Structures are given as structure tokens and as C-alpha cells.
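A.B. asks: Since chain A is already given, all that's left is putting chains B, C and D on it; use the hints.
In order, the protein sequences belong to chains A, B, C and D. For the first sequence, the UniProt record's numbering assigns the number 1 to the initial residue and increments by one for each residue that follows. For the second sequence, the UniProt record's numbering assigns the number 1 to the initial residue and increments by one for each residue that follows. For the third sequence, the UniProt record's numbering assigns the number 1 to the initial residue and increments by one for each residue that follows. For the fourth sequence, the UniProt record's numbering assigns the number 1 to the initial residue and increments by one for each residue that follows.
Hints are all accurate, no fakes.
Label pairs and their calculated CB-CB ranges:
(1) D/Gly89 with A/Arg329: 30 to 38 angstroms
(2) A/Ser62 with C/Glu34: 18 to 26 angstroms
(3) A/Ala121 with B/Glu80: 54 to 62 angstroms
(4) C/Thr83 with D/Lys78: 50 to 58 angstroms
(5) A/Glu262 with D/Leu113: 31 to 39 angstroms
(6) D/Ser108 with C/Arg171: 27 to 35 angstroms
(7) C/Ser108 with B/Gly88: 54 to 62 angstroms
Read the hints as simulated data drawn from the structure, not as lab findings. Computed from a predicted structure; not experimentally measured. C-beta atoms are modelled at their ideal positions from N, C-alpha and C, and glycine is treated no differently.
There are 4 protein chains.
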Amino acid sequence: MIIVMKKGADKEQLAEVKKQIRELGYKPHVIHGETRNVIGAVGDERGKSVLQAMESLPGVESVVPILKPYKLASREVKPEPSTVDLGGGVTVGGGQLVVMAGPCSVESEAQILETAHAVKAAGATVLRGGAFKPRTSPYSFQGMEEDGLKLLALAREATGLPIVTEVVNPRDVDLVARYADIMQVGARNIQNFALLKMLGQLDKPILLKRGMASTIQEFLMSAEYILAEGNRRVLLCERGIRTFETATRNTLDISAVPVLKEQTHLPIIIDPSHATGHASLVPSMCYAGVAAGCDGLIVEVHPCPEKAASDGPQSLRPAEFAAMMAKLREFAKVAGKEL
Amino acid sequence: MIIVMKKGADKEQLAEVKKQIRELGYKPHVIHGETRNVIGAVGDERGKSVLQAMESLPGVESVVPILKPYKLASREVKPEPSTVDLGGGVTVGGGQLVVMAGPCSVESEAQILETAHAVKAAGATVLRGGAFKPRTSPYSFQGMEEDGLKLLALAREATGLPIVTEVVNPRDVDLVARYADIMQVGARNIQNFALLKMLGQLDKPILLKRGMASTIQEFLMSAEYILAEGNRRVLLCERGIRTFETATRNTLDISAVPVLKEQTHLPIIIDPSHATGHASLVPSMCYAGVAAGCDGLIVEVHPCPEKAASDGPQSLRPAEFAAMMAKLREFAKVAGKEL
Amino acid sequence: MIIVMKKGADKEQLAEVKKQIRELGYKPHVIHGETRNVIGAVGDERGKSVLQAMESLPGVESVVPILKPYKLASREVKPEPSTVDLGGGVTVGGGQLVVMAGPCSVESEAQILETAHAVKAAGATVLRGGAFKPRTSPYSFQGMEEDGLKLLALAREATGLPIVTEVVNPRDVDLVARYADIMQVGARNIQNFALLKMLGQLDKPILLKRGMASTIQEFLMSAEYILAEGNRRVLLCERGIRTFETATRNTLDISAVPVLKEQTHLPIIIDPSHATGHASLVPSMCYAGVAAGCDGLIVEVHPCPEKAASDGPQSLRPAEFAAMMAKLREFAKVAGKEL
Amino acid sequence: MIIVMKKGADKEQLAEVKKQIRELGYKPHVIHGETRNVIGAVGDERGKSVLQAMESLPGVESVVPILKPYKLASREVKPEPSTVDLGGGVTVGGGQLVVMAGPCSVESEAQILETAHAVKAAGATVLRGGAFKPRTSPYSFQGMEEDGLKLLALAREATGLPIVTEVVNPRDVDLVARYADIMQVGARNIQNFALLKMLGQLDKPILLKRGMASTIQEFLMSAEYILAEGNRRVLLCERGIRTFETATRNTLDISAVPVLKEQTHLPIIIDPSHATGHASLVPSMCYAGVAAGCDGLIVEVHPCPEKAASDGPQSLRPAEFAAMMAKLREFAKVAGKEL
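Chain A extracted, bound-state conformation (with noise of 0.2 angstroms):
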């Protein structure tokens, strides 16, 4: 944590700035500069939020953070990249690029299981489907439950795919996890911290998808809550921030993935579908995804797209998904990765 003091700041206040890091636990260093004085203070960051509120003694100007707030993510802690084994020898995170791929919402028995051997028979591994959903409007179809979740398992007994499905509530967490291979955290509960805290004591894979307005850091600390409480299969899903562009649903923020790359050793999903929200645009941010370097897709696949009960728009057909696939699997090769 760096103190910079205000020009003109009197030896008095400085005194009392140095004297409030010693009190805090850490050792002030001055530097003296041409028209203001910077102070480092030195220590385990534990507590950071402390020091930021020497912002509020007079003659300081500003508290500027050094390091990162987060350890377990970091590469510092872990160097070499982490694999995350998914069930059904499906492993992320090493040379196989895996592709879940599914509806946005669990329909019906014939709905997921077409689904399911059609994106299977594509090549994706992974089954992706919504059982409950985190609806804008109360009056939105807001999933089939515990039914929806018995189809997900009926699926993947016919396909033997494993299965990835949203938790929303605390309390449904066991529930969930009865059925589900990987746990999904939704962008809308990035910080749900209660969650988040709970799926960090379970035995299971975590796909976390980052708020629409989270920073990359931000994203990180709240791996960080799952990883602290035990859980080290955290999924980075990188899946469109909020910007002021309008012709994409949210803007894919591509660079993440390289950016994660440096700082994280966490495996990198990307999800062009709720990046963009047009189907049309979905083939070629899967391209980009793995040219950037990501571990993984989530791509939204439904039978009928026009008769969906969510997300429509942005859901490839079957057909359309089988074309993404072949084409996607030489830009892999190139990447380095096997599909």
C-alpha cells in the first residue's frame, strides 16, 4: 500500500500517518519527492481494507494499492496451470478444449435428450441446461426445478455427458449437486457471497461466470471465497461485460482470457452465446475464444430456437452447432488443443 500525501502536508501530519501504519502493524517508509512526500507501508496485506482508510486522515491524498488482494487464484501461489477433472474423462485445463453445450432451459424430456445426442453426436463432452433460472421479470418462465434436473440426469444417462446446471439459492445447493456434475454460478450471483461460501465446501467442480459489471480482479475474489473454504475446481467463465454497445447483448471481453492467463492458474471458459445474444455471431466468438487460449466453451444449442422459452435468439440449431464444431476443431489444432 502506497500513502501519497497531499503537496503541502506539514511534518505533524505525517507523523500521525507514519504513526497509524506502526499502530496497523506495518513499517512506514518515506520517500521524500520534489513536492510531495509518498509513503510505502510494508507488511502482510491482510487488513487491507484498514490501511485504505487512512484516506480519511488529513494531509493524505491518496491510499494506492500494490498487490493483488487475492492468493489462492494467483500464479504466485500456483504457477502451473490447474486441470479440473469434470467427470466422464472429461478434463479441463490441460491440452483437451471441452465444449458443453445444451439449451438454455430444460423444456421437456424430448427437448433435452435431442439435444443431448445432437450436441454429443457434434462432439461436444459436456451437457449444459438450465433448470433454474434467474429470470429479469418475474413473470418469465423461471425453469422446470427439480424436474428439469431429473431430465439433465436422464440425458446423461442416455448420452453419457456429464451435466453442468445453475444453482441460484443457498438452499437449493444439495439439492443441485444430487444431479449436477459441475455446479454453474451465474453472472448475476458473482457476489453472492453466501453461495459462493457453500459451493466452496462441496466436492464438486464450479463453473463461476463473472458479473456483467465485475472487474478481472473482482472476478478473481470471488473465486477466491470458493477457494478458500476448500474447493479448488473453480472454472473461469468469461461471458460478456456490460458496455455502452447496443447491437451485442454484452461485449465479449476477449482479452480477458490472456489476462487470466497471467494472474490466475484457474482454467478459462468462454460463453459466446450470452456474450452476444445472436446466434449469427456465436460461430466465429468461439473461434476467437480458442485463438485467445481458453480451456473450454459453453454454447447454447436448442432444437427450435423460435419456440424457446429463453434465450432463443442467441441458440445455435443443431445443424448450425455441427458446422461451428468441425470448423472449431482445426482452429483447436492450431491452439494447441484437442477437441
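C.D. replies: Positioned in the frame of chain A, the structure of chains B, C and D alone reads:
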């Protein structure tokens, strides 16, 4: 809902769109334009997301929603402003300007009592204080939990001020409701729909904070979740949105006040502390909020900000708060509010 | 400037960074932290971008600027607020609240004269009107150009109000300066440095509008371009920034007022018309701006907004403007300004 | 254009809106909805801003544009992709992937020649280099101006590479055009319409960079300014947009590539250097851009980034560039482009 056809879409495509509109229970109405056709779908807009899915049909360029998706929150359903009784003789939404003040976190009996007496003496009519703290970092102070609630109750007893405090986890709703007069939903939980639904079944006023990336429409949709469950006592709180500007913690969206006043009957509270992140900016934003027409303010006050466990830099000292209140009284009078 | 070394950076890398700092004319000052080293570079910060380039050196994690890059605009150089004489007995930056009002575009003699008389009668002290219009579409009305300037001069003669009008092209600076009392730089030209430099050599007040995506620091750097050329009469105008919110045209960054008041001595004007884009939102934003401490307002007024050649939806009718001014007078008084 | 009436708007208000629509030369077409009426205005959409002004009429809730405001840039006017001859046998927009590379600023003969030879050897086909530099600070290096242009011409002579360089001031268009093969418009000048109009009258390809806060639609409208003047050789360059994320200098909007490919026939270039601001992130963003379907890249390369006069942190060293190009060749092949 307006469906815009692509230039060059053929008759069969148009016929298919009309057919689908009818199947979904709407009446299609075609406007033949010079370069393309546009189809209005007339009917009750429930099931809106399904119409949106028609974007997937061949020949369709875009689907443009026309109606606002919220109902109970809207001025159309209830033209006159709602007033909400907060307890202790305090009513918000009418001629009274409500000022909620207190520390970010409850830290000790001495701290909360000192603050409560100070803010009451300066004219605050509600005491704020956090017992469950959703923090970005798992290593930061997470609040005193039930012990904090007990201290808040003690401060209420000592001062007569009703208390507002945040609930984070659906599991804790009953616990917090045993102590709080007003239940706060923080910005991070704006789309924690499980929490919103539980609060909708409660007989307590809810202070709902806008998410950092919530549009005003989404904000009202979150309020709609509470209203739709039967609880009509919702207070909307603008607390800054996330933008590219870094001089402030968030950007206070002051124009949300008149926008909300046009669209909804619910009372509007401004939180200048979280919006700006710096105590020196808080007083002028209080004045601006009142001049813009808000019904209340929620302000962080701490007896010793440089030692605060959370949000020190944005907390006013009691004397600063009292000075602000004196000037605020004058602005409130011009705005037609009593303080 | 603070250079943060990577954890594990070796002695040679540290030595190289120190060597480079010295070569650039700064004095390195190392703070040995628990997990990594941090180096302060002490010296005159001119040539700052060169220090930033040290991020390219092996072992360097990041380079953190400490000092504000503007000088002449800063409170540190000039602590007391600047007052600027606008002509016609109008001074901004002191006790007087300046209200600039008029149509977006000058459209005809009748239109500008009617508006000028109306806004003067309501208490405006400067007349605004666009003759050169930078429009997003090449097919939109681009302004009356010199004919428009002549009509503005006519309106000045008729009312005594000094006039503010936009200059878009460096080529037109002399032409516009022959007519205008105050030269306006629009938001789109905030980093049109050629234009800023020319205006810096002029003996006229400049109304500089913040860009839609300018940080406050960049805004001040653009002012610095004008100041550095010798023209000290710069008025800063906050007119909304671009965010994800679509209910308003832009988001009025009201907290920019106190932030700027802390950082600069230059007067601050609020433009609620471009910020909101809707006439019904303008009055409350005028009140908020004044309560926040601004020195003036610039407001669009048109005798017949539904027929305006540009920006009709955000223009007040003369009667609406007069009603707003009556209430504004009361808020101004509380804010310690005379209107 | 769709005019949405307020719920409860009366017959007279509806009649007035219809009358105004007819007066403006459009044909009104009313759809009577269940809760409100909606009016389509059929006709040539020129004069669009005037229709927008109808929002000011009593009883009107909102005015919703349906048609895209650009014409010449659109796929509807020209369905097949445009190819642009850049000189030196280089064509963009067809099967060739164009890589433009070189330093941010031209600094010396040795620097530009060394870089030009290096990037050519690695496979670049256009040399970039700035002679007029728009810098945020007036105290930063502003470019070598005409001397820089002369050095670029020298480098072209030495290597045969056509050169792209930025023009900032309309006054300098002729000067820059005497040296440059491709004229660059920087992000800060995206709405410098005086400059765009002059470039529209030039017989040279224009590389138009998207503004930091430009929507894709506004970006195309700026291109339309050039096209409407007669110059059809416009290259669109996505270089990152401004968002809340601070880990990167800007956020590369990679989905702009497929969106633009759907909407316009103009070639699309990606600038990963300005988008990310960090050299280590550039290669993966080059790969992502090509996988997403862009027609070219523009990349900053400097022989000694830590001593660069501008943008050092985002410049690749020649060896890093060569390594990137080797891998890029493989991705380009999969994307169906030749490098």
C-alpha cells in the same frame, strides 16, 4: 412488440412470421414500408420472451419491444406516489425528507451508540448499520452478524430511531427481520431473486439498492419481484453505477431520480456515500439528490473514519454530518420537503 | 511514479530498473517489501510517458503514476477559484450563477430572436445557439454556418446577451471568433488538439465540453492544452458521459462537480439538456447541478421543439424554461449564488 | 420510425401526431393495441431527426427508430465485400490477411528503418508509424511531423512497404497525403467531421479507427461521412472501447467483427496494441481477431520498447513480432486467409 423484417424477406417468410404470431396468441398487423415490412404483434405482452425468440426466424431482422415489462411498479397502474411508513413516526414518499445515517458496519456498542446519538441530534430519522457485510474479499471483515443486530436494537432503544440493515442470505431473512425495521437489499443482490421473493412475503419495508450495472428498467423489474409477492413497501435506492470514471467509486446517476419519478410511484432514496466513495464529495451529492427530487438519503457516518472496519474513506465524521444537515434543511425546504 | 517489481524478480532486474530510472533523470528509491520490491522514481514528472515505458523491462509488474499530469489547471498551482469575464457584465466562477440558454441550432431570424427575448426575460444571461453543427449523420442538418453566426449577432444586438456558439473546424476559428463572445468546444472535439491549441492563442473565453468517454483527468488535460498556450479563460462543462443506461441520452456525472472543485480552479458549467436528452428531465437536473455547486448552466430552449431541426426532444419551451428559472433562483440562493 | 403513444393519450393527440407525420412527408399507419396505440411512419427516412422531435408532442411516449441510418456503408446497398487496393500489391478485404506493423511514433531514421526491415522480414505488408501524435498531455512528445513523414517515405523506399500514418488536423491532409499510402484517422477524431469530409474527397484509402465510446452504428455513420463525399476506400479499425475494466487499456470488442461483417461490406482491421495496452496480451488478440474473421491487423513494434517515446508498454519487440507472425500464419490458414 414490433418485428422488423429484413429488406428482401419474401412472402413465405412474412407469412410464417404472421402464423407464429397468431400461434402465440397475438394478432399480427403488417405495415408495408418502402424498403421493408414491419409487423406489430398486438395482445397482452405476457410471454414476451417467447416473442423475442422470433428473431430466430428466417427473414426477421430484429424484434423491438415497445411496452415496459413491469406492471405493479409502474405509474400506469398506480399514478399517485406511494408513501411508506418506516416506523417510529417516519414516513417516506410524502412531504417528509428521510435521512438514514450511521456507520457502514456495526463494530462495537460504543461505536453504534455514539453514532446513533450523534446522527439523531443532527436530524437523522433512521439509523443505518451493517451486521452482515458482503465484502469483495473473503479476507475482509464480514460483519458482527447477530451480535451486530443486537447492538442495532440497543441503539434503537436508546434513540427511538428505526433501523435499516442489510440481509444477504435468504436463510437469514427471519433472523434479520426480528431486529430490523427496514430490510436492505444491497447492490450485489439486486438480482438475487430467491432473496427478493422471500422479502416479498415479509411485512416490512424493503430498501432495494440498484445494482452497479442495472439499467433503470432492470431495477424496476427487481422491485417487481418483491411487489408481485405482495409486499408493496419498496424503497428504491440509487447508489451509483459502474462507469469508466475512476475519480469516484461509482458514478451517481442523479438523473435516475426524475426518470424513476416518471415511471414509478415508489419512493426514491439516494446513497451518496457508496456512489462517490469519498467523504468530501458526500455533502454536495446530498444537496443535489434533494434538489433532484429524491425522497430520502442514506449516509455513512463514523466517529473515527480512519479506523473504520469498512468504507472509512467515504464516512463523514459526526460534526461534518451535522454541518451537512444544516445546509440540507435549506435545500429541502426549496424542494418542498420537510426535514 | 512507482515501479512495482514482480515477486521473484532478481537482483540484476532490480539493478537494471534503477539504472534506467537514473538515465531518465530521476532518483530511484527502493522499498523492500515482504513479497516484492517497489521503487519510487523521484524527480520532475515531465517525460512521464517515458517512465511508463519501463513496464517493458524484465521483472517489472506494473508502473503506477502518483502525480496528476495537469499543472496550470490544478488547485495546487492556483488555489483560489478563477473568475472569467464573459462580456455584457457577466462573470462566471464567482458569486453569480450564469445561465446560458437558447436553441440547439440557429434556424431562422424569427426563431433566434423569439428565443433570445424569451430566455432573457426569464433571467438567462448568455444566449446559446449552434451555427456549425457536428452531426452523427452526414444526412442531418449541419447548421446555417456564417448565416447563423450573423443571426446570433443580431440577437445579441437586440437583447444585449453575450453569445456562446460552437467551433468545429480549426479553419473556422477566426470566423467564429468574429461573432462569438464565448467559443464552445463540443464533446466530440475534446481531444481535437489542433483546435484546442488554436483556441489557446485566442483572447476569448472557451467553454470546453467534456467528452462522452473522457475521464475527469483527461478532461483537465484537454483544458491544459488551452491553458498552456496562454488562454486562461476556460470554462469546464459536464454534459453527461456514456454508460450502459439507455433511459437517458447520457448519464450526467453530477459528482464531477465536487471532484473538479477540489482539483481545479476553473469554473464549472452543467449541461442538463445533452446529458438527459429529454426535456422533462432538464429542470430537476438544473436544480441538482446548482445544489452540487456548479457555476453555471447551459440549457436548450426552443419555441417549438417538435419542429426543431436538431435536439427537439431535449429542448424546453420558453414557458417551461421560465418556470424552471423561478424555482432555480431559490436553489441558487441556498447555494450561495446570485441569479 | 415507430411512434409509441402514451396509455391514455386521447383522440386529439393521436390526430395531431398523424397530422405532423403527414406534414413531414410520411404516411402514418396506426396499430391499435390493447393498452396503447403505436403509429408507423412510412416513407424515406431522410430527415430522421425531425421525426425524432415528435417525442415533444403531447401524448407521445417515445419514438423508436427502425431503420439503420447509414446507406453507402451498408450490406443492403452493396451485398458483396469491398476489396481495397493499398498499393505495393497489397489488397485488403479479399483472401489476403494484411498485417500493418511498426512503431507508435517515428523517432529516428535508425529506429524506423530497423523496424521496417524487421516487420517486413516477419511478413508484414504495410508499415505503420506516427508523425503527428495526438497526445492526452500537451507536455508529451507530439511527433516529428513532416520530418517523420520523410523518414516513413525513406523506409518505404528501402522496403517497398506501403505506409499508413495518422492525420490529425484538416490543415495537414494535403501534406500527409503527399507521403502516405493510407491515411489513418485516430480514435479521438472519429467524429471530427471536418477531417472526415476532407478525406472523403481524397483518392487514398482511409483507415478509420473506432472511437473509444462509439457505438458500432456511430462508427458506420462516421464511415458514411467519408463514403458520401465519394471516397469508397474505407477500412474500419476496431481498437478497443472504453469500459469499467482497468486490467487492459481498453476492451477489445471482438464481436464487432461479426457484427460489422453482417452490416457492412467494408474491410475490418483489428488493433490489439491500443486495445490491450500491454505487449504480452497482443499475440493472443491477433489470433482471436483473425479467428473472428477480420481482414487485417495493425500492430505496434518497437526495437526497444522501454525507451519508446510513446506507447512502449504495448509494443512488441521484433523477435516477439516474428514469433507471433509464425503462429498467426496457421490461424489465418484455418480462417481462409493468406498471409
